[in-house]
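Novice: Sequence:
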Amino acid sequence: MRFLFSTTIMALVLSPWSAMAQTQLITEAEAQAPNMQVPATRAITRGPGINLLSPTEVSGKSFAFKMVFEPRGGAKIDPSSVKFEYLKQPVVDLTARFKTGLNGNQLELPQASVPAGTHPIRVSVRDSEGREGKTIIHLSAK
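The opening residue of the sequence shown carries number 215 in the numbering used here; numbering runs sequentially from there.
One thing to keep in mind: the hints can contain errors.
[Unchecked claim] Subject to a maximum C-alpha distance of 27 Å in a straight line, what follows is the list of computed DSSO-like cross-link-like pairs (lysine-lysine):
1) K313 <-> K302
2) K275 <-> K356
3) K348 <-> K302
4) K302 <-> K275
5) K313 <-> K290
[Unchecked claim] Each pair of labels, with its calculated beta carbon distance range:
6) E242 <-> G263: 14 to 20 Å
7) P304 <-> E284: 27 to 33 Å
8) N317 <-> Q238: 17 to 23 Å
9) A247 <-> G287: 36 to 42 Å
Bear in mind the hints are in silico, worked out from the structure with no lab data behind them.
The C-beta atom is built at its ideal place from N, Cα and C for all residues, glycine as well.
Could you put together the complete structure from these sequences and hints?
Specialist: Given below as structure tokens:
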């Protein structure tokens, strides 16, 4: 009984610290891969909007990453469709690293890190009507 009580207390005390754990979005090895050539495209779409709320210039060691997905026309965001790809050769799927911060239409990672350099990340999302929105974010880390 005493062991169960002390284990429960330790879990409660340590849980705020585990929630604040740093998320490494890109490894040093991934950053060293050659960049992928990304053609510039512009298109009018009825798909969801993707808005980065945090700055694109960050301190690579620790920064907050915030993003919001904006559905249009009464549709809802399909959380299972959210995808993050690091545009290197070959393309690196970063989705699992970002999805830990996904909550409804918002994504928030209080403590993220990336190596120094510029990091092109393609973000895509679909709504409940199957329409897709895409954007490319260029994170610049010092």
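Novice: Which earlier hints turn out false for this structure, listed by number in ascending order?
Specialist: When the structure is compared with the hints, only number 6 turns out to be violated.
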